[in-house]
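Enquirer: Residue-level listing of the chains:
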Amino acid sequence: MALPPHIAAATPGPATRQPTYALVGNPNCGKSTLFNALTGLKQKVGNYPGVTVEKKVGTAYSQHGQPITVIDLPGAYSLAARSPDEAVTRDVLLGRRADTPQPDRILCIVDATNLERNLYLVHQILDLGRPVILVLNMMDVAAQAGLEIQAERLEQELGIPVIPCQAVNGQGVIELKVAMSRTDLPLPRHAWDVPAAIAPAVAEIQASLVAHDRKLPLSARAEALLLLTDQDSVRVAGSTPLSPRTAEILKSWQQRWESDGTDWAGMLVNSRYDSIGRIAAQVVTQAGAGGPTLSDKIDAYATHPLWGWLMLGSVMGLLFLSIFTLAEYPMNLIDDLVANLADWVKGSMGEGDLRDLITDGAIAGVGGVVIFLPQILILFFFIGLLESTGYMARAAFIMDRLMSRVGLNGKSFIPLLGSYACAIPGIMATRTIEDHKDRIVTILVAPLMSCSARLPVYLLMIAALVPGDRVPVGTKVGIMLLMYTLGTVGAFGFAWLFKRTLLKGAPPAMIMELPPYRLPGVRDVLFQMLERGWLFLRRAGTVILGISIVLWFLSAYPKAPDGATNQQQLAQSFAGRAGHALEPAIAPLGFDWQIGIGLISSFAAREVFVSTMGVVFNAEAEGDDTAPLRKALLEAKWPDGRALFTPLVCFTLMIFYVFAMQCISTIAVVRRETNSWRWPLFQLGYMTGTAWILSFIVYQGGRALGF
Amino acid sequence: MTPEFQSVAALGIVALTLLAFAVRAWRRRRRPAGCGGGCACPSVKFKRG
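Which chain is which? The protein sequence lines are U and D, in order.
Numbering follows our numbering, in which position 149 of the first sequence is assigned residue number 149; successive positions increment by one, without gaps.
Numbering follows our numbering, in which position 38 of the second sequence is assigned residue number 38; successive positions increment by one, without gaps.
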């Protein structure tokens with residue numbers, strides 16, 4: 001069957017451009033697994049991936065070895081977008097984005113265990129009039145649940161190829177590639193009854209979209225139907241706005257219906273569901289009584305008010321234990337490699353600024369960050385595992401009860417959890433939160449969760465705070481846990497406050513699907529982990545490298561007279577002068593100008609504080625063994641001879657780092673995610689203010705109590 | 001490599017780094033609202049639903 005003129009025009013032949021498929025589907029239907037199965041390692045990921053919101057483009061190969069471009073679009077339940085990521089799916093499919101051409105063909109994947117609900121999105125996509133292939137995924141799970149789905153019948157009903165599939169083990173992928181290779185894909189036979197009261201409006205808006213918005217007729221009809229479901233309010237960067245004429249027609253119809261009490265959006269949705277219900281009744285047969293499935297039985301515990309919490313606590317405990325224990329060996333290995341590299345450079349070059357820049361600036365700076373790579377990989381491996389098995393949805397469900405007490409919903413849990421590793425992916429992951437205010441609140445509090453960059457600061461301060469090997473390990477672990485708890489309680493406390501003041505709003509009811517439990521797709525989990533690791537390394541090799549070089553310069557220039565000690569050189573440097581300028585503001589917290597340098601430099605990355613202290617106090621921290629630096633810290637004194645790093649100062653410094661917004665990268669990401677300087681500046685102000693006030697209370701209170 | 005040459009080379013690297021940061025910031029300013037990376041960052045056009 002030849003393509004109609006409007007499709008053919010938009011679909012150059014293989015000689016000029018390879019065909020482009022958009023891969024779409026509901027969340028948790030196995031879309032990413034299918035994408036990985038189709039494209040393997042031939043993927044290109046957008047700048048900043050969140051969990052399911054990034055734009056991924058991959059290359060699959062047809063049965064004849066011809067390349068086929070596949071765009072993995074964010075998961076969506078309907079083209080009626082409720083969040084920015086869903087808006088991207090809608091905009092790409094409707095050809096509204098200037099940065100992504102409208103796909104030639106659409107690969108629609110559905111969860112066979114929940115066909116009727118999944119068909120809603122398919123139904124909307126069929127309206128587009130583009131060639132569509134439907135993939136019935138999780139056929140094995142459906143069969144276990146006693147569902148029999150007649151794929152051939154569905155194919156006849158919709159007029160498009162329907163491929164049964166089990167993406168997780170690759171079954172059906174070859175048949176799918178064969179279907180994707182077809183040049184004669186049929187157009188959907190898609191007829192459904194638009195309610196008579198709405199039909200004239202659809203026709204008029206469609207005509208206006210064609211005339212004034214330069215839309216193709218079929219795409220215009222789909223867009224008209226979408227506009228009339230009153231779900232077109234979410235727009236994102238790159239969305240093409242409606243022409244004034246079309247907006248005027250739409251508004252006039254809406255006003256007319258409002259005046260005569262017509263529920264036009266409800267009528268359209270119901271009509272669509274009637275059509276879907278008829279199709280589902282013909283193709284799906286439920287065998288047996290349909291009793292509780294294995295997932296239902298597990299959920300009786302996993303979502304139980306008591307057992308659910310215990311299970312979640314155990315899982316989180318295991319996650320943290322793994323991060324701290326499994327990462328130890330590779331972290332030591334990286335540390336040794338970095339130290340050896342620095343030693344080799346020192347041994348190969350004569351003394352001079354270039355050698356210092358390479359060893360004290362570039363290697364120390366980048367090495368100090370790269371050392372956290374194992375922790376990042378382990379965290380994302382576990383997060384991937386929890387998502388892949390379906391447990392993450394249960395965790396969000398359980399957390400919803402707690403979150404609702406501070407005015408958030410369970411969807412904020414995953415971003416906050418991710419922020420334990422680094423606030424940046426956590427903030428990225430807020431894109432899945434539909435409610436704008438909830439999203440902003442989550443962004444504002446995410447950096448309060450103690451990220452892995454705070455860990456070296458805590459370790460150094462704990463080493464100085466409780467010196468000596470006779471102190472039980474439990475005490476050190478207890479202090480560490482206290483810092484993590486303070487950050488978490490702070491995040492929840494501020495979320496509660498913001499939801500009642502700045503960003504007032506009723507806690508939204510969370511409607512989320514609990515997908516059936518399944519065995520994890522290890523390949524997908526590893527993909528995701530490596531992708532994160534690569535992005536982390538790329539950042540370390542670019543931005544952090546640059547900052548380290550600049551920081552080295554600031555601490556090395558202007559030069560002190562010959563014969564000056566390292567400390568005199570530092571005091572004379574730009575960084576030293578900045579530390580002196582800051583001292584009046586931090587002296588009430590028990591901090592001097594040298595600590596001030598650390599506070600300033602650690603704006604680049606919190607862990608830079610440790611290496612800065614090493615430079616400032618003329619001692620090099622060697623790996624995890626902070627003894628030499630600890631000794632130097634304990635010997636440091638104020639000009640009047642008082643000890644600088646008393647236990648109280650160490651504790652105060654930890655409190656400061658729990659609450660302070662010491663991260664330029666996070667500020668930049670918040671700026672980008674909120675598209676405004678207002679929120680990052682507010683965040684910087686409230687976090688730094690809180691850190692200062694609490695540190696002041698702790699230090700002055702401690703002194704009053706005689707510490 | 002003499003210390004003087006090392007100083008010149010080090011300062012050259014610092015200058016190049018600052019230049020790279022400046023170019024990066026300038027390029028970002030030229031991009032459209034949102035990050036421009038096609039990753040759906042909300043822009044000023046983002047309307048609350």
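Derived from the structure by calculation, the hints contain no laboratory data.
The model shown is predicted, which means the values in this text are computed figures rather than measured ones.
Where is the CB? At the ideal position from N, CA and C, for every residue including glycine.
Please note that a few of the clues may not be correct.
Only some residues are given here: those of chain U computed to face chain D with a beta carbon under 10 Å [stated by the list, open to error]:
no. : residue
1   : Gly347
2   : Glu351
3   : Gly352
4   : Leu354
5   : Asp356
6   : Tyr391
7   : Gly546
8   : Ile547
9   : Ile549
10  : Lys559
11  : His580
12  : Ala581
13  : Leu582
To spell it out: a stretch of chain D is covered by chain U in this simulated footprint if at least three of its residues, at any positions, have a beta carbon under 8 Å from a beta carbon of chain U; those stretches are [to be verified]:
no. : stretch
14  : 2-13
15  : 16-27
Enquirer: Hints first: check each against the structure and report whether it holds.
Expert: Status of each hint after checking the structure:
1. Gly347: Gly347(U) check fails; min Cβ-Cβ to chain D is 14 Å, beyond 10 Å.
2. Glu351: holds (7 Å)
3. Gly352: holds (3 Å)
4. Leu354: Where the cut-off is 10 Å and the nearest Cβ of chain D is about 4 Å from Leu354(U), the hint holds.
5. Asp356: For Asp356(U), the interface hint holds, since the closest Cβ of chain D sits about 7 Å away, which is under 10 Å.
6. Tyr391: Since the shortest Cβ distance to chain D is 26 Å, the answer is violated.
7. Gly546: Where the cut-off is 10 Å and the nearest Cβ of chain D is about 5 Å from Gly546(U), the hint holds.
8. Ile547: holds (9 Å)
9. Ile549: Hint on Ile549(U): holds, closest Cβ of chain D at ~5 Å, below 10 Å.
10. Lys559: holds (9 Å)
11. His580: violated (22 Å)
12. Ala581: It is violated, given that the least Cβ distance between Ala581(U) and chain D is near 21 Å, above 10 Å.
13. Leu582: This interface hint is violated because 23 Å lies over the 10 Å limit.
14. 2-13: holds (count 9)
15. 16-27: Our answer is that it holds, as 4 residues pass the Cβ test (under 8 Å) against chain U, meeting three.
Going through the hint list in order, the structure does not satisfy hints 1, 6, 11, 12, 13.
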